[in-house]
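Peer 1: As a plain string of letters, each chain reads:
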Amino acid sequence: MLLEKRRLAFTGSTDPENGFDMTVINDLFKILVFPGFLFVVNLGLFLEWVDRKIYARLQNRIGPPWYQPWLDVLKLFSKEDVIPEGASSFMFTWLPVFYLAVTVTAFLCIPVGAYAAVYSFPGDLIVVLFLLTLATIILFLLGWYSGSPFGRVGAVRAVTQFLAYEVPLVAALLTQALLADSWSISLVMARTTVGFPRFVGVHLIALAVALISLQGKLLRVPFDAPEAETEIVAGPLTEYTGRRLAFIRLAERTEMAVGVGLVSDLFLPFPARLGVFGFVISTILVTFVLSVLRASVARFRIEDTTVLAWKYILPFSALGMVLAIIVRG
Amino acid sequence: MMLEKIIALSRKSSPWVAHFNSGGCNACDIEVMATLTPRFDVERFGIQLKGSPRHADILICTGPVTAQIRERLLRVYHQMPAPKYIVAVGSCALSGGVFHDCYNVLGGVDRVLPVDVYVPGCPPRPDAIIAGIVKVLQKMESDALELADYRQASAAGGGTTHVHLQ
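Those protein sequences? They're chains A and B, same order as listed. For the first sequence, the tail end lands on 329 under the working numbering, and the numbers increase by one without skipping. For the second sequence, the tail end lands on 166 under the working numbering, and the numbers increase by one without skipping.
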């Protein structure tokens with residue numbers, strides 16, 4: 001009986017006997033298990049391990065075992081919760097939850113290989129970008145309401161850096177959208193990455209810009225001035241402990257999965273051809289590039305980040321966009 | 001019980017350390033920093049250095065406690081979320097060392113805080129510091145399991161259930 005129900009849930013048909021609409025269970029499964037919440041959170045934690053392992057190998061170390069990120073989060077869930085005196089208790093409690101909700105929602109619009117996104121419509125690329133922007137705003141609020149000067153400095157830096165990388169990131173993704181003549185992620189995926197890439201030069205420019213600005217979006221070295229532990233403790237996260245920190249950590253990993261997944265869907269040929277397996281492989285590839293970047297450079301000061309973005313990366317991304325318009329004709 | 005075992009494992013496998021110098025000569029701090037370099041690869045044990053005491057499970061204390069630093073040391077300790085552990089690193093943190101009879105020195109770290117593991121040496125080698133932290137990890141696991149046992153026993157009809165979460 002249960003198996004029958006499960007089969008129906010997968011096929012999405014209605015059960016005529018009790019008149020219950022099985023598509024509800026189907027949708028819930030999609031949102032909560034695959035390719036929704038459980039999948040993206042575990043993918044994010046897995047990518048964290050890939051990142052830390054590659055970083056360790058590049059430093060000639062062994063690095064953490066594969067289950068390390070899961071144990072880190074579990075430990076944080078089992079620790080004491082502290083609300084500091086100067087913090088806003090409401091914001092302090094709910095912002096981490098919103099953070100995770102926003103990033104998981106962003107992933108619902110991203111197709112996992114050939115497996116269609118939970119919710120896709122023409123223009124979902126804009127929605128994903130908007131939700132990622134919202135995640136940065138939430139990070140700012142996290143720091144601002146934690147009642148710590150380190151948190152506030154980190155929050156302001158996060159927003160300053162947001163002004164630096166956001167425009168090149170959107171421009172790089174816009175280049176792909178221009179080449180494919182669509183704002184839908186699955187259409188861009190189908191049109192630009194299947195078959196021989198005709199505009200390979202433009203793709204490469206956009207990919208380089210997207211990878212560098214994604215590094216900034218995810219606050220990783222060299223763009224980790226907002227969380228610089230050697231100067232401002234832990235930036236916006238300074239005062240967070242226990243469960244709240246675990247939620248923030250999960251949200252950051254999910255944000256990484258969303259960003260990396262978006263770049264692999266839009267730029268790499270594997271997700272469209274090899275399905276879910278190809279999607280995971282391409283996220284590992286993109287993570288590899290980001291880890292090598294993290295391991296080989298030192299931190300920029302916040303003003304250097306802004307100068308780099310506006311003087312060098314933005315003209316480069318504009319060049320990509322102009323080329324895209326020219327080659328499209 | 002299964003859940004408690006997993007939690008004990010997670011505590012043991014993911015110790016985040018914060019580092020505090022309560023008035024030493026910096027030699028121990030240099031050794032602690034050396035411990036965290038790629039050569040010794042403490043990430044094998046899941047050890048990560050955290051800037052904020054709010055994120056830390058273990059406080060690594062170096063140096064004797066001076067009268068002035070006492071308040072700050074206590075404050076950093078109280079900022080850490082429970083369960084929390086202290087490792088005293090170096091002769092001065094153990095007993096005050098060569099500074100033991102200075103007018104402004106209170107003595108070792110255990111005059112102010114409950115120390116779990118003492119790592120002697122002036123300064124101790126990174127290997128010794130790693131050995132000390134691994135000893136704390138064993139203590140963390142046994143503490144978590146003991147607490148779980150105690151809870152189970154008291155739930156099965158034991159006496160009072162006042163458990164000091166440490």
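Do not take every clue at face value.
Looking from chain A toward chain B, a few residues come up when the C-beta cut is under 8 angstroms (computed) [as the list claims (entries may be wrong)]:
no.: 1; residue: Ala-56
no.: 2; residue: Arg-57
no.: 3; residue: Asn-60
no.: 4; residue: Pro-64
no.: 5; residue: Trp-66
no.: 6; residue: Asp-72
no.: 7; residue: Leu-131
no.: 8; residue: Thr-133
no.: 9; residue: Gly-147
no.: 10; residue: Glu-166
no.: 11; residue: Val-170
no.: 12; residue: Thr-238
no.: 13; residue: Glu-239
no.: 14; residue: Thr-241
no.: 15; residue: Leu-245
no.: 16; residue: Pro-269
None of these hints come from the bench; they were simulated from the model. For every residue, glycine included, the Cβ atom is placed at its ideal position computed from N, Cα and C.
Peer 1: Does A/Arg-57 hold up as a contact with chain B if the rule is Cβ-Cβ below 8 angstroms?
Peer 2: Violated, about 10 angstroms.
Peer 1: When the nearest CB of chain B is found for A/Leu-131, is that gap smaller than 8 angstroms?
Peer 2: violated, 27 angstroms
Peer 1: Report holds or violated for the interface hint on A/Thr-238, using the least CB-CB distance to chain B and a cut-off of 8 angstroms.
Peer 2: Since chain B brings a Cβ to about 5 angstroms from A/Thr-238, closer than 8 angstroms, the hint holds.
Peer 1: Does A/Gly-147 hold up as a contact with chain B if the rule is Cβ-Cβ below 8 angstroms?
Peer 2: violated, 12 angstroms
Peer 1: Taking the least C-beta to C-beta distance, is A/Leu-245 closer than 8 angstroms to chain B?
Peer 2: Hint holds; A/Leu-245 Cβ to chain B Cβ min 7 angstroms, cut 8 angstroms.
Peer 1: Mind checking the CB of A/Glu-166 against every CB in chain B and telling me if the closest is under 8 angstroms?
Peer 2: violated, 27 angstroms
Peer 1: Does A/Asp-72 hold up as a contact with chain B if the rule is Cβ-Cβ below 8 angstroms?
Peer 2: Where the cut-off is 8 angstroms and the nearest Cβ of chain B is about 5 angstroms from A/Asp-72, the hint holds.
Peer 1: Restraint: A/Pro-64 near chain B, CB-CB cut 8 angstroms. Satisfied or not?
Peer 2: Check passed: Cβ of A/Pro-64 comes within 5 angstroms of chain B, closer than 8 angstroms.
Peer 1: At a threshold of 8 angstroms, is the proposed contact between A/Thr-241 and chain B supported by beta-carbon distances?
Peer 2: holds, 4 angstroms
Peer 1: Just to be careful: measuring from the Cβ of A/Thr-133 to every Cβ in chain B, is the smallest value less than 8 angstroms?
Peer 2: Since the shortest Cβ distance to chain B is 26 angstroms, the answer is violated.
Peer 1: Can A/Trp-66 be said to touch chain B, with a Cβ gap under 8 angstroms?
Peer 2: Violated, because the Cβ-Cβ distance from A/Trp-66 to chain B comes to roughly 12 angstroms (cut-off 8 angstroms).
Peer 1: Would you settle whether the hint for A/Ala-56 is holds or violated, based on the nearest Cβ-Cβ distance to chain B being less than 8 angstroms?
Peer 2: Given a least distance of 6 angstroms, the restraint on A/Ala-56 holds.
Hints 2, 5, 7, 8, 9, 10, 11, 16 from the earlier list are contradicted by this structure; the remaining hints agree with it.
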